[in-house]
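**Q** Chains as they are written, first to last, in our numbering: chain W, 1 to 255; chain Y, 1 to 236.
Don't read these hints as lab results, they were simulated from the structure. Incorrect hints may have been included.
As the list claims (entries may be wrong) - Here are the simulated distance ranges between beta carbons:
{"#": "1", "chain 1": "Y", "residue 1": "Lys204", "chain 2": "W", "residue 2": "Glu230", "range": "23 to 29 angstroms"}
{"#": "2", "chain 1": "Y", "residue 1": "Phe221", "chain 2": "W", "residue 2": "Glu219", "range": "55 to 61 angstroms"}
{"#": "3", "chain 1": "W", "residue 1": "Lys29", "chain 2": "Y", "residue 2": "Asn46", "range": "57 to 63 angstroms"}
{"#": "4", "chain 1": "W", "residue 1": "Lys29", "chain 2": "Y", "residue 2": "Pro92", "range": "38 to 44 angstroms"}
{"#": "5", "chain 1": "Y", "residue 1": "Gly206", "chain 2": "W", "residue 2": "Trp127", "range": "52 to 58 angstroms"}
{"#": "6", "chain 1": "Y", "residue 1": "Pro92", "chain 2": "W", "residue 2": "Pro83", "range": "23 to 29 angstroms"}
{"#": "7", "chain 1": "W", "residue 1": "Phe15", "chain 2": "Y", "residue 2": "Thr49", "range": "55 to 61 angstroms"}
{"#": "8", "chain 1": "Y", "residue 1": "Ser7", "chain 2": "W", "residue 2": "Glu25", "range": "54 to 60 angstroms"}
{"#": "9", "chain 1": "W", "residue 1": "Leu125", "chain 2": "Y", "residue 2": "Ser7", "range": "41 to 47 angstroms"}
What the hints assert, rightly or not - A few chain Y residues that face chain W, going by a derived Cβ cut-off under 10 angstroms, partial list only:
{"#": "10", "residue": "Ser75"}
{"#": "11", "residue": "Glu79"}
{"#": "12", "residue": "Ile82"}
{"#": "13", "residue": "Ser83"}
{"#": "14", "residue": "Tyr85"}
{"#": "15", "residue": "Cys86"}
{"#": "16", "residue": "Met87"}
{"#": "17", "residue": "Ala88"}
Keep in mind it's a predicted model, so treat the numbers as computed, not measured. Every residue gets a Cβ at the ideal spot worked out from N, C-alpha and C, and that includes glycine.
Given next are the chains, with one letter for each unit.
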Amino acid sequence: MTSIGTGYDLSSSTFSPEGRVFQTEYAMKSVENSGTAVGARCSDGVVIAVEKVYHSRMMMKGSLRRVHFVEKHIGVGIAGLLPDGRQMVSKCREEATQYREVYGEPVPGRVLVDRLARFTHLYTLYWHVRSFGCSALVAAYDAEGPQLYMVEPSGMLMRYNACATGKAKQQAKTELEKLKLGELTCREAVTELAKTIVNVHDSTKDKLYELEMLWVCEESGRTAQFVPQELIDEARKAAEDEKDREDDDDDMDDA
Amino acid sequence: MFGGQDSKQHTVQPYVTGTSVIGLKCADGVVLGADTLVSYGSLAKNRKTSRLMTVSNHCSLGFSGEYSDFQEIKSTLEELMISEYCMADNIPMQPRAIHQYLARVMYEARNKQDPLYNQLVIGGVLPATGEGYLGLVDLLGTNYESEMIATGYGTYIALPLLRKAYRPDITVAEGRKVIEDCLRVLYYRDARSIDTVQISTVTKEGAETTEPFKLETSWDFKKFKAGSRLIDESTW
Numbered sequence: 001m002t003s004i005g006t007g008y009d010l011s012s013s014t015f016s017p018e019g020r021v022f023q024t025e026y027a028m029k030s031v032e033n034s035g036t037a038v039g040a041r042c043s044d045g046v047v048i049a050v051e052k053v054y055h056s057r058m059m060m061k062g063s064l065r066r067v068h069f070v071e072k073h074i075g076v077g078i079a080g081l082l083p084d085g086r087q088m089v090s091k092c093r094e095e096a097t098q099y100r101e102v103y104g105e106p107v108p109g110r111v112l113v114d115r116l117a118r119f120t121h122l123y124t125l126y127w128h129v130r131s132f133g134c135s136a137l138v139a140a141y142d143a144e145g146p147q148l149y150m151v152e153p154s155g156m157l158m159r160y161n162a163c164a165t166g167k168a169k170q171q172a173k174t175e176l177e178k179l180k181l182g183e184l185t186c187r188e189a190v191t192e193l194a195k196t197i198v199n200v201h202d203s204t205k206d207k208l209y210e211l212e213m214l215w216v217c218e219e220s221g222r223t224a225q226f227v228p229q230e231l232i233d234e235a236r237k238a239a240e241d242e243k244d245r246e247d248d249d250d251d252m253d254d255a
Numbered sequence: 001m002f003g004g005q006d007s008k009q010h011t012v013q014p015y016v017t018g019t020s021v022i023g024l025k026c027a028d029g030v031v032l033g034a035d036t037l038v039s040y041g042s043l044a045k046n047r048k049t050s051r052l053m054t055v056s057n058h059c060s061l062g063f064s065g066e067y068s069d070f071q072e073i074k075s076t077l078e079e080l081m082i083s084e085y086c087m088a089d090n091i092p093m094q095p096r097a098i099h100q101y102l103a104r105v106m107y108e109a110r111n112k113q114d115p116l117y118n119q120l121v122i123g124g125v126l127p128a129t130g131e132g133y134l135g136l137v138d139l140l141g142t143n144y145e146s147e148m149i150a151t152g153y154g155t156y157i158a159l160p161l162l163r164k165a166y167r168p169d170i171t172v173a174e175g176r177k178v179i180e181d182c183l184r185v186l187y188y189r190d191a192r193s194i195d196t197v198q199i200s201t202v203t204k205e206g207a208e209t210t211e212p213f214k215l216e217t218s219w220d221f222k223k224f225k226a227g228s229r230l231i232d233e234s235t236w
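Bound-form chain Y, shown alone (with noise of 0.2 angstroms):
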């Protein structure tokens, strides 16, 4: 029976995450995007939480999904940077590198059926040539490459918007001013995410994470003034 002395119960849901998180690979790095939001259900509770980090100097992640699980996650790859920085053989480890480990951490917890409950977002450039790379893995192990990935509600919302903006030549300025578009409307459209975002950006110079940032917005039509909608007039 359940909760019997034998069974175990896993991680069956997430309760504290964080929404969508988009990724734009350009000719000359990769772009990353996601709000500072982490949610306790539908109530905004962290307002001010990094859903991104700096991996190493070629390499960001962004998550989205369960903060708990992401923490971990987080830990094991700094400890895994350690062991890098004390290999001390100028050896940088590549983008890829950290991507198939992250695929093997995901797969291996939903094998013994207990899911990191994250889709984690990999962007970088490879040392050598500085061309991008840009990779994703799920709470089921499942990964692959792509010239633009979003998770959650922006695989409905930004990835159309994306793959608009998309061109092999793009630069990295240019995909900045896409990835603040695109999560400008995550930002008019999801309800569980915020108007202070973070863009990550690695180049061949390094990875940079900005500090987090309010977009701007404008809410100024017509049918959203006060009194323009029937409904607007109150019966109480």
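The following block holds chain W by itself, in its conformation from the complex (with noise of 0.2 angstroms):
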């Protein structure tokens, strides 16, 4: 970046001479800075993992939420800071209401994320105001089927089979290509997202970290969900065992 530090990474309306916007690229730097999260969309809805990185041992469990829902059939996990990522989610349930008020009837994923991409994209444009540091992940499912959005610091959307944001995304993102997605169910999916982001958490840097899961999936009647405890805590258990006969093998061939 051969700009930085020459006056075009002040303000988000100034381009550089290469014709980069670094306040933006900043932003999405603040996605990087967070746990990852990771979506994947399967033959029968949508499941998003995030990896809730503690931020304090005290920390209450539950606390922080990054998975929220703003229909019945539409759920958004966050990834980077969470009050700016609190801030897309009222703007959605706004939006949702609003295409409710108008259409009388429930707003499709399609129009919602366009509507929270435009308002992302905003804030990259005036100087006076700071982008979004934060990407949302959407899971929707109406008449279109099931579908899996992200929306970026850019104002940047795109429709995804699966998707990965947040520190380890390249690695996330090598994992979720070796999946079938078009066969996969979503009861698999969770088992498979769960060893993602276990396989990718880094220890030595954040020891306590929660797994938040969300389903828009016939299992759950098409409407937005928390994926039972029960079944994260079985998926995350088993992902944790299965790395550490891993980790102890390859301890075994060094030795």
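Dock chain one against chain two, each of which comes alone in its own frame, and use the hints as you go.
**A** Rendered as structure tokens:
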């Protein structure tokens, strides 16, 4: 980044000579400092999993929640700055309500994420506001079927079969690419996503973390719901056991 | 002057209306009943319109009065329940809270001199104990709780019957029969009613509203037979 420190990164309304907007890129950096979030669109719905790193040993389980519901059939997972994410969630709820009021039916996922992306993008255009330091994974199930989207701080919106963001996104993406998403059910995906999060989790840096998951699938009646805690615990335990075994094997190889 | 540039006219009378709603609090829940007629003045316009709605797992609502105003209230409540859903805190909204919320909505509208022309009957259970809850709000924002509630014509016809049938230990199953009987009497007496009705029961297990069904009625009284009365002998 040759232009860094030469005054081109002071405002989101300034381009660098190479045509980049550094402030927006910095915002994306703040997502990369956060716990990993992954999502997968399966044959019967969508699952989102977020690695919630504890800021403190004394933090209570369940606080600073990173998965949210914005409508009965739409759930959001947040990676990055949580307060910024909550702002996004509030906006989504507002838009969902507004859509219902005007059209008398639940908002389609496609419309909602489009509005969210426009909102996010607006905050990259003016010097007097700060961009969002978070990405939102959006899971929806409507007439169009199950859908997974990600909105990034730049306002970029994409629809995915599977996606990852946060600290270990590269590693997580590689793991997700191995999955056969067309055949996978959500129940199976819970195990797979837990495995992904456990594998990419860096236990040397972040000791305590919580696994938060939501799904919108046939099993949940096409409504956004938390994945039952027993299911998450089970999946996490299985993944951790497997990881331990592999680590032991590696140690044996070394010896 | 009326209708001048600075004046504004609000709803002063209802046009499309539903007649009575009745409710009975029971030991293990609550029962609401209403017919499915929505009239345009004295014309029986819509004969299969539900006047009961299930608000949540623990709460049902019935209305009498202006239908369009009720539709507004209904969408307000649906919005409330969605925000409740999004909260995802596992703390269900109590029927008492919904009652109070509606009282605020009605009273606010009334204070703008533009009331929502309804009487609303709220029936529910307290999720923790399973105890029934029955309340009313009217277009002025007046609100109260009672063991038995009836609106409109039902105040005169059904309320005395409900009072007679009420016992603190009456069950929902018994209450259902009482409500059905009251609806039948209302159908006999109230010219703005119809014999297709719905009944909503709310117990610890959940809130349930039946599909519209026909009341059994009997008209084979001697006086009803053609020719049994003097005026039956037509002079034309």
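**Q** Could you run down the list of hints and mark each one as holding or not?
**A** Okay, the hints, checked on the actual structure:
1. With their beta carbons about 24 angstroms apart, Y/Lys204 and W/Glu230 fall inside the hinted range of 23 to 29 angstroms.
2. Between Y/Phe221 and W/Glu219 the beta carbon distance is about 57 angstroms. The supplied range of 55 to 61 angstroms therefore holds.
3. Distance hint check for W/Lys29 and Y/Asn46: the Cβ-Cβ separation is about 60 angstroms, which falls inside the suggested range of 57 to 63 angstroms.
4. Checked against the given bound of 38 to 44 angstroms, the beta carbons of W/Lys29 and Y/Pro92, roughly 42 angstroms apart, stay inside it.
5. About 54 angstroms separates the C-beta atoms of Y/Gly206 and W/Trp127, a value consistent with the hinted range of 52 to 58 angstroms.
6. With their beta carbons about 28 angstroms apart, Y/Pro92 and W/Pro83 fall inside the hinted range of 23 to 29 angstroms.
7. For W/Phe15 and Y/Thr49, the hinted distance range of 55 to 61 angstroms is satisfied, since their beta carbons lie about 60 angstroms from each other.
8. At roughly 59 angstroms, the beta-carbon separation of Y/Ser7 and W/Glu25 lies within the given 54 to 60 angstroms, and the hint holds.
9. Here the CB-CB span from W/Leu125 to Y/Ser7 is close to 45 angstroms, well matched to the stated 41 to 47 angstroms.
10. A least Cβ separation of about 7 angstroms between Y/Ser75 and chain W falls short of the 10 angstroms threshold, and the interface hint therefore holds.
11. With a least beta-carbon distance of about 6 angstroms to chain W, the hint placing Y/Glu79 at the interface is held under the 10 angstroms criterion.
12. With a cut of 10 angstroms, the hint placing Y/Ile82 at the interface with chain W holds, because the nearest CB-to-CB distance is about 6 angstroms.
13. About 7 angstroms separates the beta-carbon of Y/Ser83 from the nearest beta-carbon of chain W, less than 10 angstroms, and the hint is met.
14. Because the smallest distance between the Cβ of Y/Tyr85 and any Cβ of chain W comes to about 6 angstroms, under 10 angstroms, the interface hint for this residue holds.
15. Taken as an interface hint, Y/Cys86 checks out: its beta carbon lies about 4 angstroms from the nearest beta carbon of chain W, inside 10 angstroms.
16. For the restraint placing Y/Met87 at the interface with chain W, the shortest Cβ-Cβ distance is roughly 8 angstroms, inside the 10 angstroms limit, so the hint holds.
17. Using the Cβ-Cβ criterion of 10 angstroms, the hint placing Y/Ala88 at the interface with chain W is satisfied: the shortest such distance is roughly 6 angstroms.
In summary, the structure agrees with every hint in the numbered list given earlier.
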